[in-house]
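Number of protein chains: 2
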Amino acid sequence: MTRKISSRFSGGFLSGETFETYLKRQARRVEVALRRHAPREMPSDAQIGKAMRYSLLAGGKRLRPVLTLAAAEAVGGSSDSVLPFACAIELVHTYSLIHDDLPAMDDDDLRRGRPTSHVVFGEAVAILAGDGLLTDAFAICTNSSNRRRVPPALVLEFTNVLAEAAGYKGMIRGQALDLAAEGKRLTRPELERLHLCKTGALIAASVEGGAVLCGAPSAQRKALANYGRLIGLAFQIQDDVLDLTADEKTLGKTAKSDLAEKKMTFPALLGVEGSRKAARDTAERAVASLKKFDRRADPLRALARYVVERGH
Amino acid sequence: MTRKISSRFSGGFLSGETFETYLKRQARRVEVALRRHAPREMPSDAQIGKAMRYSLLAGGKRLRPVLTLAAAEAVGGSSDSVLPFACAIELVHTYSLIHDDLPAMDDDDLRRGRPTSHVVFGEAVAILAGDGLLTDAFAICTNSSNRRRVPPALVLEFTNVLAEAAGYKGMIRGQALDLAAEGKRLTRPELERLHLCKTGALIAASVEGGAVLCGAPSAQRKALANYGRLIGLAFQIQDDVLDLTADEKTLGKTAKSDLAEKKMTFPALLGVEGSRKAARDTAERAVASLKKFDRRADPLRALARYVVERGH
Numbered sequence: 001m002t003r004k005i006s007s008r009f010s011g012g013f014l015s016g017e018t019f020e021t022y023l024k025r026q027a028r029r030v031e032v033a034l035r036r037h038a039p040r041e042m043p044s045d046a047q048i049g050k051a052m053r054y055s056l057l058a059g060g061k062r063l064r065p066v067l068t069l070a071a072a073e074a075v076g077g078s079s080d081s082v083l084p085f086a087c088a089i090e091l092v093h094t095y096s097l098i099h100d101d102l103p104a105m106d107d108d109d110l111r112r113g114r115p116t117s118h119v120v121f122g123e124a125v126a127i128l129a130g131d132g133l134l135t136d137a138f139a140i141c142t143n144s145s146n147r148r149r150v151p152p153a154l155v156l157e158f159t160n161v162l163a164e165a166a167g168y169k170g171m172i173r174g175q176a177l178d179l180a181a182e183g184k185r186l187t188r189p190e191l192e193r194l195h196l197c198k199t200g201a202l203i204a205a206s207v208e209g210g211a212v213l214c215g216a217p218s219a220q221r222k223a224l225a226n227y228g229r230l231i232g233l234a235f236q237i238q239d240d241v242l243d244l245t246a247d248e249k250t251l252g253k254t255a256k257s258d259l260a261e262k263k264m265t266f267p268a269l270l271g272v273e274g275s276r277k278a279a280r281d282t283a284e285r286a287v288a289s290l291k292k293f294d295r296r297a298d299p300l301r302a303l304a305r306y307v308v309e310r311g312h
Numbered sequence: 001m002t003r004k005i006s007s008r009f010s011g012g013f014l015s016g017e018t019f020e021t022y023l024k025r026q027a028r029r030v031e032v033a034l035r036r037h038a039p040r041e042m043p044s045d046a047q048i049g050k051a052m053r054y055s056l057l058a059g060g061k062r063l064r065p066v067l068t069l070a071a072a073e074a075v076g077g078s079s080d081s082v083l084p085f086a087c088a089i090e091l092v093h094t095y096s097l098i099h100d101d102l103p104a105m106d107d108d109d110l111r112r113g114r115p116t117s118h119v120v121f122g123e124a125v126a127i128l129a130g131d132g133l134l135t136d137a138f139a140i141c142t143n144s145s146n147r148r149r150v151p152p153a154l155v156l157e158f159t160n161v162l163a164e165a166a167g168y169k170g171m172i173r174g175q176a177l178d179l180a181a182e183g184k185r186l187t188r189p190e191l192e193r194l195h196l197c198k199t200g201a202l203i204a205a206s207v208e209g210g211a212v213l214c215g216a217p218s219a220q221r222k223a224l225a226n227y228g229r230l231i232g233l234a235f236q237i238q239d240d241v242l243d244l245t246a247d248e249k250t251l252g253k254t255a256k257s258d259l260a261e262k263k264m265t266f267p268a269l270l271g272v273e274g275s276r277k278a279a280r281d282t283a284e285r286a287v288a289s290l291k292k293f294d295r296r297a298d299p300l301r302a303l304a305r306y307v308v309e310r311g312h
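As given, the protein sequences belong to chains A and B, one line each in that order.
Counting with the working numbering, you get residues 1 to 312 for the letters of the first sequence.
Counting with the working numbering, you get residues 1 to 312 for the letters of the second sequence.
Since the hints were made in silico from the structure, they are not lab data.
Just so you know, these numbers come straight off a predicted model, no measurement behind them.
Treat each hint with caution, since some may be false.
[Claimed, not checked] The list that follows gives simulated cross-link-like pairs (lysine to aspartate or glutamate, EDC-like), each with its CA atoms no further than 20 Å apart: (1) B:50 - B:31; (2) A:61 - A:309; (3) B:263 - B:273; (4) A:50 - B:164; (5) B:50 - A:309; (6) B:262 - B:164.
Please take these sequences and the hints and turn them into a complete structure.
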């Protein structure tokens with residue numbers, strides 16, 4: 001009987017599973033759950049429900065919710081229980097993409113290989129669809145059905161971690177630093193701070209959040225949050241490299257948009273090769289912060305390396 | 001000793017207090033707490049912190065948070081404990097004003113007697129300031145300091161009521177119905193549904209939320225939510241009347257903006273006098289839904305009448 005432990009509680013890779021298969025398996029669970037949590041379209045809603053679904057169900061890697069599941073498993077928890085919360089994080093991520101793409105912000109036309117929300121639905125609907133996704137993320141977190149699986153105090157703690165990461169001190173400040181930096185030359189610490197807020201905060205919350213929901217001790221939470229910030233940074237460095245070197249089809253969004261928008265990037269500071277090395281080093285520091293975790297953290301280790309190897 | 005009950009636990013009007021004095025007293029408490037909860041400005045934030053404070057601390061009646069305090073007292077709870085949550089509601093309200101005023105939405109230049117956020121700070125910052133206020137509202141609700149005063153399960157329940165009211169099924173849908181209605185003639189039920197979502201949902205959540213945080217029984221919650229929806233509707237009818245009949249100085253925002261924007265209004269359906277009567281009738285229905293409450297609900301009763309008498 002002891003050999004027949006349910007896979008959802010053992011965590012980590014299944015026997016013989018590659019990282020790619022693991023990623024697909026977890027992303028598929030997220031996809032199914034997202035369809036359940038996406039808003040039902042309502043009549044006379046000026047297409048807002050449709051716009052919310054359009055952006056939320058546009059595919060994508062589902063990196064953040066997969067991180068939440070992987071973190072829950074890494075601390076020995078149940079990834080089933082954290083699935084709705086993982087979806088809430090993807091709603092927050094999707095809202096941030098819709099608002100970042102707006103004409104008043106980065107003015108991007110293409111995202112995940114499709115026209116951006118405001119191109120399809122107009123600005124007013126895009127703003128509201130973003131607002132709706134952000135708000136509904138908190139409705140999902142605090143929904144009474146979750147409280148059967150996770151104690152209220154842990155749900156509250158998770159929701160606070162998410163709100164702080166998405167709020168003025170996190171993503172909002174990151175976007176602000178980004179706006180303020182337009183056309184300016186930043187130092188490496190300034191550029192890192194920008195991305196630690198803009199991308200790192202939500203990724204860190206995705207990882208830490210999984211551990212929080214499972215009641216993990218503070219040392220594990222801190223190690224995972226640190227891991228999250230570092231892979232967030234590595235991800236961004238690699239993103240900057242890909243923006244310069246990949247074509248639009250591979251990227252699924254407008255290529256060389258950073259140059260066009262006169263954005264400060266890591267390649268501008270460190271060159272392409274120097275940036276690739278910085279991404280790899282940052283990913284290895286992320287892996288190092290997991291040294292006290294057992295093999296159930298192997299997917300997180302593999303993910304750190306995947307982040308800097310994608311797109312080649 | 002029994003005569004020396006602390007005023008904050010007795011609730012309702014203080015001895016000899018008029019409704020105007022009550023409103024000022026509660027609004028002042030809210031104002032002090034809001035200053036504590038408003039974001040501290042941070043360097044290189046592209047003025048986003050400043051923009052958040054600009055809109056949040058622009059005065060206003062603080063009707064929603066005062067309702068939360070009044071509801072807590074009406075069910076015999078402590079309005080001190082609910083003060084941070086009342087502030088969170090005002091953050092959500094302020095976010096909705098900033099986004100509603102954007103050029104892509106209602107394109108309003110004046111609000112609470114001052115230029116709107118996007119006029120002062122530009123569109124990008126206004127969008128982000130709204131996003132920041134909305135997100136920080138949930139950070140305030142779930143902050144660990146609250147859990148000392150209110151049990152986690154009740155905090156969660158409140159946060160869910162707030163998120164549902166602000167989300168796709170509430171305010172977002174209201175704004176959507178508003179966009180979809182532009183230039184169209186609506187029936188009275190359609191116009192009421194629009195405003196029950198757009199204004200009523202958050203007002204109802206403000207009242208119900210105060211009761212939820214104090215652990216009030218379901219019948220009291222329902223009665224208060226119903227009261228909230230009705231005064232929200234009465235408030236909107238009166239707003240439509242004032243938009244037609246008052247001047248800009250009294251209004252603090254652009255007068256006759258409904259006509260300019262070809263918005264469907266209650267006066268267009270019922271005439272000015274008919275609308276005034278509808279507002280009064282709706283307010284009386286709100287008062288009637290409080291019949292099982294004792295004198296501690298007197299401020300709520302007075303408030304329902306105040307809502308339809310203001311501006312004369």
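Requested in this report: Please work out if residue 50 of chain B and residue 31 of chain B have their alpha carbons no farther apart than 20 Å.
Outcome: 17 Å, holds
Query raised in the report: Is the straight-line distance between the alpha-carbon of residue 263 of chain B and that of residue 273 of chain B 20 Å or less?
Result: 19 Å, holds
Query - Satisfaction of hint between residue 164 of chain B and residue 50 of chain A, Cα-Cα up to 20 Å - result: Holds, because 18 Å separates the two Cα atoms, which is no more than 20 Å.
Requested in this report: Quickly compare the C-alpha distance for residue 61 of chain A and residue 309 of chain A to 20 Å and report which way the hint goes.
Outcome: With Cα atoms ~14 Å apart, residue 61 of chain A and residue 309 of chain A stay inside 20 Å; holds.
Query raised in the report: Is the straight-line distance between the alpha-carbon of residue 262 of chain B and that of residue 164 of chain B 20 Å or less?
Result: 29 Å, violated
Requested in this report: Verify the proposed pairing of residue 50 of chain B with residue 309 of chain A, using a straight-line Cα cut of 20 Å.
Outcome: Answer violated: residue 50 of chain B to residue 309 of chain A is near 40 Å, above 20 Å.
The earlier numbered hints that this structure contradicts are 5 and 6.
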